[in-house]
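J.: Each chain is listed here by its residues.
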Amino acid sequence: GPKVLQIPSHQIIDMGQMVTLNCDPVSNHLYFYWYKQILGQQMEFLVNFYNGKVMEKSKLFKDQFSVERPDGSYFTLKIQPTALEDSAVYFCASRTDRGNTLYFGAGTRLSVL
Amino acid sequence: GDSVTQTEGLVTLTEGLPVMLNCTYQTIYSNPFLFWYVHYLNESPRLLLKSSTDNKRTEHQGFHATLHKSSSSFHLQKSSAQLSDSALYYCALSGPNTDKVVFGTGTRLQVSP
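Top line first, the protein sequences correspond to chains Z and R. 1 is the number of the first residue of the first sequence in my numbering; add one for each residue after it. 114 is the number of the first residue of the second sequence in my numbering; add one for each residue after it.
Please note: incorrect hints may appear among the correct ones.
When the alpha-carbon atoms are kept at most 27 Å apart in a straight line, the in silico DSS-like pairs for lysine-lysine are as follows [what the hints assert, rightly or not]:
| id | chain 1 | residue 1 | chain 2 | residue 2 |
| --- | --- | --- | --- | --- |
| 1 | Z | Lys57 | R | Lys169 |
| 2 | R | Lys182 | Z | Lys3 |
| 3 | Z | Lys3 | Z | Lys53 |
| 4 | Z | Lys3 | R | Lys163 |
| 5 | Z | Lys62 | Z | Lys78 |
| 6 | Z | Lys57 | Z | Lys78 |
| 7 | R | Lys213 | Z | Lys53 |
| 8 | Z | Lys3 | Z | Lys57 |
| 9 | R | Lys169 | R | Lys213 |
| 10 | R | Lys213 | Z | Lys62 |
| 11 | R | Lys191 | R | Lys169 |
| 12 | R | Lys163 | R | Lys191 |
| 13 | Z | Lys59 | R | Lys213 |
| 14 | R | Lys163 | R | Lys213 |
| 15 | R | Lys213 | R | Lys182 |
| 16 | R | Lys213 | Z | Lys57 |
| 17 | Z | Lys78 | R | Lys213 |
In short, the hints are calculated from the structure, not lab data.
The task is simple: from the sequences and hints, build the whole structure.
T.: Structure, rendered in structure tokens:
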């Protein structure tokens, strides 16, 4: 089936540094999402992105977070600067249209030290 | 706003017993889409079931669910649990006119011999 790729699978950084999480969504998909899952907890919505714009974001999407997809390449989540509480698994997802199935990547585990 | 409620955080079962995971929702949309996603350890969350029309049952891989608009529910069921069903199950909601996909808090299903 369709695959969403996330690079890297694990990232370790020092608090205060910048980090960029990369997502290669399914090629014909138009809607893109980031979700955050802290160890042992549920997956929580961060942001969704369509047509080059953030459509909706949650309270978890702090000012230090940003997303973009320049020229149809990777859909990225940037955190600058990082904080200890940003340690989590971040899942990228995409879909073709509203109401359709979300396809998830395998997640990037971010460890902020 | 839209919300999804999964009342059980953890369900433990013996192999062979029936499975029922609860999901209720609130939404302004008269025709919402409801989904069940399954998340196995160290894998990507993936679609298990998507709702059809009101009161119509949908089935996949031995699991089934029926959207009941009258009770705003989309419970997941299976007649006989297998060890391989052990995973985290998310109920999710989307509307035809929204980009957002709202997830419930998830139910961890643990099946033992």
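J.: All hints, please: hold or fail.
T.: Hints, verified against the model:
1. Under the criterion of a C-alpha separation no larger than 27 Å, the hint pairing Lys57 (chain Z) with Lys169 (chain R) is inconsistent with the structure, at around 33 Å.
2. Using a Cα cut-off of 27 Å, the hinted pair Lys182 (chain R) and Lys3 (chain Z) is violated, with the two alpha carbons roughly 32 Å apart.
3. As the CA atoms of Lys3 (chain Z) and Lys53 (chain Z) are separated by approximately 23 Å, the hinted pair is consistent with the 27 Å bound.
4. At roughly 19 Å between alpha-carbon atoms, Lys3 (chain Z) and Lys163 (chain R) fall within 27 Å of each other, so this suggested pair holds.
5. Distance hint between Lys62 (chain Z) and Lys78 (chain Z) is fulfilled; the C-alpha atoms sit about 11 Å from each other, no more than 27 Å.
6. Between Lys57 (chain Z) and Lys78 (chain Z) the alpha-carbon distance is near 14 Å, which keeps this suggested pair within the 27 Å criterion.
7. Proximity of Lys213 (chain R) to Lys53 (chain Z) is assessed by CA-CA distance (about 14 Å); at most 27 Å being required, the pair is judged to hold.
8. Between the alpha carbons of Lys3 (chain Z) and Lys57 (chain Z) the distance comes to roughly 24 Å, so the proposed pair stays at or under 27 Å and holds.
9. A C-alpha spacing of about 24 Å is found between Lys169 (chain R) and Lys213 (chain R), which places the hinted pair at or below 27 Å, so the restraint holds.
10. Restraint check for Lys213 (chain R) and Lys62 (chain Z): the C-alpha separation of about 18 Å stays at or below 27 Å, so the hint holds.
11. Under the criterion of a C-alpha separation no larger than 27 Å, the hint pairing Lys191 (chain R) with Lys169 (chain R) is consistent with the structure, at around 16 Å.
12. Of the pairs offered as hints, the one joining Lys163 (chain R) and Lys191 (chain R) holds, with about 15 Å between alpha carbons and a cut-off of 27 Å not exceeded.
13. Between Lys59 (chain Z) and Lys213 (chain R) the alpha-carbon distance is near 14 Å, which keeps this suggested pair within the 27 Å criterion.
14. Between Lys163 (chain R) and Lys213 (chain R) the CA atoms are separated by roughly 16 Å; this keeps the pair inside 27 Å, and the hint holds.
15. Restraint check: the Cα-Cα separation between Lys213 (chain R) and Lys182 (chain R) comes to about 20 Å, which is no more than 27 Å; the hinted pair holds.
16. Distance hint between Lys213 (chain R) and Lys57 (chain Z) is fulfilled; the C-alpha atoms sit about 9 Å from each other, no more than 27 Å.
17. Distance hint between Lys78 (chain Z) and Lys213 (chain R) is fulfilled; the C-alpha atoms sit about 20 Å from each other, no more than 27 Å.
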